[in-house]
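K.L.:
Here's the letter readout for the chains.
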Amino acid sequence: MTRTVWRRLTGGMTILSGIAALAVGVLLTIDASRALVHVPRETAHLDALTEQAEDDSTVAPALHAEFDRVTAESLERDDRVAALSWTLLISAALCVLSAKAFTAVRRTRPLPPQQIVQLHIASRSAAELEATPPTAAVETALPSVDVTVVDEIVARVGRDREATIPLLHAIQDHYRYLPDEALRRLSELTDATLAEIAGVATFYTRFRRRPVGEHLVEVCHGTACHVAGAPRVSHELQRRLGIPNGQDTDPHGRYTIQPVPCLGCCTLAPVVQIDGETHGKTGPDRVAALIESHDGNGQHATKAAPRERAVGAPVGEIRVGLGSCCIANGSGKVQEALHDALVESDVRVTVKRVGCVGMCHQTPFVEVRPDGRSSTWYRRVQPEHVRGIVKRHFRPNGLGCRLRSLVAPRAGRERRAAAQQALEIRDPVVSAFLGPQKHIATEHCGDLDPLDLDEYLAKDGFVGLRRVLDEQISPTDVIDAIRASGLRGRGGAGFPTSRKWAAVRDAAGTPKYIICNGDEGDPGAFMDRMLMESYPYRIIEGMAIAAYATGATEGVFYIRAEYPLAVERIRAAIAECDQRGILGKRVLGNGPPLTLHVVQGAGAFVCGEETALIASLEGKRGMPILRPPYPAERGFRGQPTLVNNVETFAVVPWIMRHGPEAFASIGTAESKGTKVFALTGKIRRGGLIEVPMGVTVRQIVEDIGGGIRPEQTAAGAIERRFKGVQIGGPSGGCVPASLADTPVDYDALQRVGAMMGSGGLVVLDDSDCMVDVARYFLSFTQSQSCGKCAPCRIGTQRMLEILERICAGHGVFEDLHKLEELGETISSSSLCGLGKTAPNPVLSTLRYFRDEYEAHLNGHCPAGKCTALVDYRVTELCVGCTICAQHCPAGAIELKPYERHEIDTERCTRCDICRVGCPEHAIEVV
Amino acid sequence: MLRVTIDGREVTVTPGSNLLAAVRKAGIDLPALCYHPGCEPNTACMVCLVRIVDEDRVVPACATPARDELAVECEAAPLQELRRGVLELILSDHVGEDGLCDCPADQLCRVRKYAATMGTDTHRFAGERSHASDIREHPDIVYAPDRCILCGICVQICEQFDESVGLALLGRGFDARVDTPLSEPLDEALHSAALRCAGACPTGALTRR
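Residue numbers (the numbering used here), protein chains in the order written: chain C, 1 to 926; chain P, 1 to 209.
Among the hints, a few may not be true.
Said to hold, decoys possible - Selected chain C positions facing chain P (in silico; Cβ < 7 Å):
#1 Gly787
#2 Gln797
#3 Arg798
#4 Ser827
#5 Ser829
Since the hints were made in silico from the structure, they are not lab data. Glycine included, each C-beta is placed from N, C-alpha and C at the ideal position.
Could you put the whole structure together from the sequences, leaning on the hints where they help?
P.N.:
Structure (structure tokens):
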């Protein structure tokens with residue numbers, strides 16, 4: 001029925017029933033007023049007649065007749081009144097209802113056609129989704145492109161070869177992809193040839209060569225996300241959005257799905273980013289809600305301008321951890337809510353942004369420090385807790401605020417809810433997590449505002465650098481100090497830092513360059529991101545000391561494009577240092593010159609290799625070259641160049657401040673100091689930790705991490721068993737639980753077939769398939785291989801093919817031998833570190849988990865992860881609650897209340913939603 | 001002159017020579033596919049691997065400069081085995097469907113030549129191949145992308161000849177390929193460098209008509 005017809009109908013009804021009600025009302029009133037006059041008269045008449053009858057018996061028949069008449073009249077009147085009253089009631093009700101319906105129609109505005117499409121997509125049933133032909137790709141003709149923008153971009157960014165990657169970023173920011181016309185125009189305007197531009201544009205994964213849908217959905221495929229079910233999330237997203245197989249955009253051009261190697265929010269796994277907004281813990285069951293909520297708040301309501309906060313001396317401080325994974329977990333919203341709550345109660349409290357606290361499992365994290373009283377920590381704070389937290393610690397200001405707070409509903413409940421989030425610093429959980437740690441690179445964690453230079457200075461910032469400059473310690477003495485400290489490169493391979501510095505120092509040629517390698521591409525690692533986001537000044541100080549020691553005068557931060565907050569904070573910190581005379585013509589006013597700037601990567605893991613990184617800085621494809629010559633002799637622009645990892649620079653200021661002996665006293669014989677790890681995976685307390693070298697893997701997993709996290713299902717928690725840790729990412733290996741007493745030490749880890757790597761530590765339990773983990777890493781290295789040298793390009797592909805075959809149940813026994821042969825060949829003949837270490841995840845799992853490989857050869861996946869080898873089945877425990885049937889996204893379970901359900905194996909996508917959601921443990925994986 | 005010892009035999013080479021020249025001078029036909037005189041070493045094929053004895057490092061001979069008094073191991077069994085493995089990998093993405101190189105018979109394909117002399121097993125590392133049809137739009141040359149081993153020689157020659165479009169190394173990983181940028185037609189991409197590229201191609205990927 002159309003809206004107009006409905007409107008007319010309801011309008012007409014309202015008027016008609018209104019008139020009817022009115023008429024009946026009038027009749028009733030007339031009747032009542034007549035009865036009012038008539039009834040006493042009749043009564044009087046009957047009374048008189050009765051008196052007469054008592055005196056004269058002949059009147060009796062007349063009296064009876066009169067009685068009968070009056071009674072009949074009265075009954076008739078009663079009936080009439082009842083009928084009229086009912087009519088009045090009904091017509092009045094009809095009038096009210098139709099009037100309501102009428103106004104409701106007027107209030108609802110028609111949906112814009114776009115939104116109807118969205119709702120349509122969101123509400124399509126599983127059957128309809130199935131019916132979408134997989135090849136229904138809409139080959140839209142590429143729109144013609146106005147290239148005058150390219151001229152403006154070149155005028156702004158520059159035209160030399162080194163500007164190629166920034167230029168491509170700028171072009172993509174404008175068009176959202178790289179159109180051919182724009183690239184042709186770029187080759188006309190710049191020093192790079194078309195061949196070079198096309199080579200670069202097709203090398204880096206951040207550059208898109210095809211138009212992108214209205215919304216970009218990036219699914220993180222880091223290690224932690226992979227073991228938490230990222231492939232299932234991708235699959236479910238693709239189904240839900242109706243994206244045909246082999247395509248990345250839905251036929252309506254609304255959504256484009258793009259896999260990302262790692263977003264570095266590993267403790268929130270699995271992670272999905274929609275239009276730059278990160279959402280954590282998005283399992284396949286949450287995909288639908290996520291897309292719907294995104295459709296709903298596409299246009300954020302513009303917030304009313306915040307009221308000004310009270311002025312005057314603050315009575316305390318509230319600290320909010322604002323690293324990018326904290327923000328993804330909602331601490332940005334908590335900060336906003338805090339601001340509102342403080343305005344409401346008119347309290348003068350400073351809200352301070354601090355860097356990563358490290359306790360990612362407790363985020364959003366808030367610390368309240370009222371003046372003169374001890375501080376209180378609050379964990380997993382949600383915006384609704386905030387008002388209670390403020391009221392617990394601070395009295396509202398002014399009579400009005402106090403009164404309002406007293407009479408406010410739910411005030412007591414708010415305070416109690418807040419109290420439940422409070423965390424004692426002496427809580428055994430906290431001390432177990434923090435106790436074994438030693439903070440050097442992460443000194444003052446949760447304490448420092450990342451960009452407050454004065455605070456950094458007040459907390460011994462730039463003291464190390466000042467000491468070097470003021471005491472005129474010679475560059476060779478600085479290098480000697482680093483040698484004495486025993487510092488080795490934190491990027492993974494563990495090359496002695498002092499030797500690198502000395503080589504640059506001794507190399508002929510000026511200028512010399514210094515590069516901070518912030519291209520942390522390892523999936524499952526986010527240490528460098530966190531260091532750059534939380535301690536930008538410390539890294540700058542470390543670089544300044546290294547620049548002084550090596551004679552470098554110009555420096556570059558090369559940072560992954562996937563880390564926008566790190567880029568933003570490092571840029572801001574450099575600008576602040578430039579302005580305050582810390583960097584520039586004279587470092588700290590009396591040192592040598594040093595200028596720094598930031599260059600963004602474009603999505604290539606191999607650019608973490610130093611020669612590839614330099615090629616990328618020079619605007620080329622990030623392909624490594626044979627060393628020697630090392631960058632120390634001939635690096636960036638052909639000049640001596642020092643390339644060190646973020647963490648290496650971050651510990652240098654501490655060494656110069658406390659002396660090399662203090663650093664060397666921590667750790668083992670060959671590995672000194674501390675190491676920062678991203679502790680993620682199936683662990684109770686994941687987070688960012690810094691531990692002294694020499695602690696064992698077991699201490700990290702059990703003491704700091706609190707052991708294996710039980711799996712949460714609707715039927716209750718399922719205890720899981722510690723299987724091993726993946727350490728060192730795609731270059732590292734798996735250390736089995738039986739070798740968990742291996743200490744964190746460069747050489748000890750290498751002996752067991754793993755590698756320190758940059759510090760990703762993913763804990764695996766018995767629900768993780770080691771063959772799948774190996775396959776995951778090989779597919780990563782294969783897609784990240786630069787394609788230059790044959791052993792890596794073809795060899796990793798062959799290994800991947802074999803592993804895929806094994807996971808699909810088609811492997812043969814000879815394949816295991818072939819994997820070992822291939823591994824040997826690739827690691828001895830590849831050009832760079834990526835290829836040389838690529839087989840490690842396979843070789844180490846083959847070494848420690850060969851039984852799992854053999855089980856796969858026999859068509860069985862012990863962990864129940866390899867979808868081709870497992871089936872889902874409903875056991876006799878089923879009570880027929882229908883939850884599984886309601887939630888199955890593939891429509892593979894028929895709804896049969898109070899009966900044992902069945903799973904259609906053909907339709908089942910092995911998404912695991914039914915097993916996790918079953919309240920009776922009635923679904924098993926076989 | 002520099003004196004280099006190859007498997008115990010001493011040879012002298014001119015300064016600036018690489019180890020490949022020294023090894024060849026010692027009379028060993030060390031396989032090399034991506035090296036071309038006049039081009040920078042590409043270090044793409046990695047079949048010219050030799051071992052520097054003092055450093056115990058395996059290096060590609062073509063990209064390692066000769067040094068005086070340098071001892072190099074070349075013919076030792078593990079090295080031969082390693083080189084054969086790498087060549088088998090290259091073969092697996094180059095051979096025709098029947099397990100044999102299908103380059104035109106009149107074209108001397110160096111992959112086929114070394115595969116024959118080194119006794120390679122064409123099936124050991126067999127797997128998925130990159131497939132692409134021949135490009136015949138150029139008047140002088142034919143490009144068969146599925147025979148290309150991505151040595152990079154033609155890309156360098158195009159740069160040397162200042163081709164305005166030329167050939168480029170595109171993509172990444174197993175999908176990496178040599179092609180004209182933005183799918184420009186081959187006859188518009190290659191002019192003066194066309195015949196030089198065909199002459200330098202180590203396989204039958206780029207051939208004269």
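K.L.:
Next step is simple, just say for each hint if it's right about the structure.
P.N.:
Now for the hints, and whether the structure bears them out:
1. Gly787: holds, 3 Å
2. Gln797: holds, 4 Å
3. Arg798: Cβ of C:Arg798 sits 5 Å from chain P, so the hint holds.
4. Ser827: violated, 10 Å
5. Ser829: Hint on C:Ser829: holds, closest Cβ of chain P at ~5 Å, below 7 Å.
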